[in-house]
Amino acid sequence: MNPIIQTRNLRKVYRMGDIQVNALDGVEIDINAGEFVAIMGPSGSGKSTLMNIIGCLDRPTEGHYILTGENVSDMSKVQLAAIRNRRLGFVFQSFNLLPRTSALRNVMLPLVYKRGKSALAPAEREALAMQALKTVGLADRAHHHPQEMSGGQRQRVAIARALVNDPVLIMADEPTGNLDTKTGDEIMGVLHELHQRGRTIVMVTHEAYIADQTERTIFLRDGKIDDEGSF
Amino acid sequence: MAVTAQDTPAIQADSAETTTTDFGGIISPIEIVRIAWEGIVRNKIRSLLTMLGVIIGVAAVITMISISAGTEAQIAAQIEGLGANLIFIQNSFGRGGPGGDNNTPSLVFSDLDVVKSVGGVVGTAVEQTSAESVRVGSTTLTDVPLVGTTVDFPSVRDVGIDEGRFFNETELDRSAKVTVLGPSLANDLFGETDPIGQSITVGTTKLTVIGVTDEKGVVGNTDFDAQLYVPITLAFDKFVPSQFRQFAGDRVRVIYAQIEESVDIENVMLQIELKLSSVKGVAPEELPFAIQTQQDIIDTQGAATEAFRSLLAWVAGVSLLVGGIGIMNIMLVSVTERTREIGIRQSVGATPNDIRLQFLTEAVMLSLIGGILGVILGVGGSILFGQTGDMPTVIVPSSILLAFGSAAVVGIVFGFFPANKAAQLDPIEALRHE
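Line order of the protein sequences matches chains A and B.
The first sequence begins at 103 in my numbering and counts up one residue at a time.
The second sequence begins at 131 in my numbering and counts up one residue at a time.
Keep in mind the hints are simulated off the structure, nothing from the lab.
The model shown is predicted, which means the values in this text are computed figures rather than measured ones.
Here are the simulated EDC-like pairs of lysine to aspartate or glutamate, each with C-alpha atoms no more than 16 Å apart in a straight line:
| id | chain 1 | residue 1 | chain 2 | residue 2 |
| --- | --- | --- | --- | --- |
| 1 | B | Lys368 | B | Glu301 |
| 2 | A | Lys179 | B | Glu559 |
| 3 | B | Lys346 | B | Glu293 |
| 4 | B | Lys174 | B | Glu467 |
| 5 | A | Lys179 | B | Asp556 |
| 6 | B | Lys346 | B | Asp288 |
Please model the complete structure; the sequences and the hints are all you need to start from.
This is the structure:
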């Protein structure tokens with residue numbers, strides 16, 4: 103197998119005054135290329151913290167996180183920004199699109215922050231963004247603003263944005279949480295399609311029937327892996 | 131489900147990008163400007179409010195400077211209008227005036243002969259003034275400036291005669307009860323009626339109008355068109371009697387000496403000073419008279435308006451500073467309001483430097499746009515003032531550069547703190563921000 107994510111003895115400690123909270127307490131997970139994995143757990147279980155560390159938005163207090171063979175646990179803010187820009191794509195519960203900005207410009211956003219040798223010309227950025235919008239079936243809405251779109255369409259724009267930089271990993275944080283069941287199923291459909299085309303997806307959810315659709319679910323409780331297995 | 135296009139993932143991390151060391155640089159400046167511009171147009175009202183302080187500040191700088199420059203130019207033009215090659219001899223300020231110290235020599239009528247005797251002096255005139263009430267029939271005007279003078283006054287002061295004539299030597303010698311009116315005064319007293327030959331009562335003395343001068347307007351502090359002229363001998367008798375006449379002679383306010391074109395004016399001034407001091411029996415440096423040329427008066431006035439101008443510039447500068455603080459305030463609010471946007475940008479790879487540059491660029495662009503609008507407003511306002519108001523204006527190009535430059539500096543200085551605040555936001559907190 104080809105591991106994309108390896109965590110070893112991952113710990114995250116928050117201090118609130120005198121109290122020390124172990125949000126993550128020695129988490130070890132391996133996720134292989136092409137897997138579709140769900141992370142589940144009650145609130146306070148540490149799943150958001152794990153998600154933030156896997157997504158290179160945060161750094162562990164202790165332990166190692168190896169992403170595509172590179173130890174990213176001790177990287178600087180700038181290096182983490184580079185990792186997010188080049189290897190990761192995010193899909194959030196609340197879409198997190200820029201308001202009053204066209205779908206196309208929103209999808210182009212990760213490409214705007216490419217620089218140096220990998221900087222792209224505006225025309226290339228637009229072509230890639232257009233292609234990503236086609237992938238999620240929204241090419242005809244490229245010039246609409248998010249507020250002119252339905253929740254499902256917005257989430258598909260967000261998925262297109264997560265895809266546009268050709269990431270090694272897509273992080274989806276409760277991607278169906280703000281959607282009705284039918285639209286949620288549609289979004290899950292899009293994610294399944296991407297998975298079938300070989301994308302690696304890690305999804306945080308608290309809904310069992312959503313988690314059931316993945317290949318494997320990682321359960322977290324009190325900052326530790328509670329049980330691991332597929333259904 | 132419409133997942134259609136050829137989406138082939140990179141299972142391997144693109145090997146060219148496995149190092150992250152080349153991510154320290156900035157994204158293309160064009161892109162930064164574009165992002166900043168989008169930030170500005172996405173919220174036009176907030177942007178306009180942010181710019182308002184700078185717009186007003188820049189417009190104030192330009193308008194203030196153009197008003198003071200205009201005033202200065204007007205004063206210079208007026209003083210030049212006093213007549214060419216003119217020397218003014220006056221009592222020094224605060225000394226030797228009416229009621230002054232008896233031991234201090236005053237400028238008196240007989241000094242005119244001393245001035246006349248200096249080589250290079252081709253014409254002289256003298257002035258003593260008072261304010262009188264003037265009555266014609268049922269019309270009474272009060273506080274009309276009366277000028278007692280000599281026959282060469284029109285040529286020395288460059289005042290033309292419109293109607294009738296100025297008084298002559300004979301009338302001067304005899305203290306004749308004649309007067310010459312300024313045109314606006316003549317109009318106030320007589321309207322359409324021809325004033326020549328009419329009688330007017332000045333104070334308690336009846337005078338015959340023998341002439342009306344040309345329009346000359348306001349020069350310095352004097353409205354030539356509103357005053358009346360009488361032989362100075364008459365003025366001494368009737369209007370400005372001096373209680374010290376017996377000892378000191380008749381005091382005069384000013385003696386004018388017109389100088390031949392080719393002579394050295396400095397030399398003539400020195401001659402006048404020496405002769406007057408020998409007549410008064412004091413050392414030249416103790417002579418209590420100011421002997422000045424037009425240029426001296428222009429310089430004195432210029433120094434005053436210069437001070438006025440720099441005061442105005444400081445006031446305007448302070449308003450620019452306030453404008454800058456306004457930018458900082460609204461940028462700080464804007465950073466808070468746009469925390470989510472900052473989080474989104476960070477999540478897709480914006481570095482702290484990218485965020486800092488974005489907000490700094492936005493602040494600078496706002497102040498530059500504000501600067502441009504302020505220049506338009508300031509120049510437009512100055513032109514409008516010059517055309518409609520009483521205040522003359524001259525647009526000073528360097529003031530536009532100054533105002534515009536200050537606006538840019540204001541943007542950088544006051545944009546830096548909010549931009550830094552934005553750059554230091556934690557991406558997780560920022561994404562969670564409501």
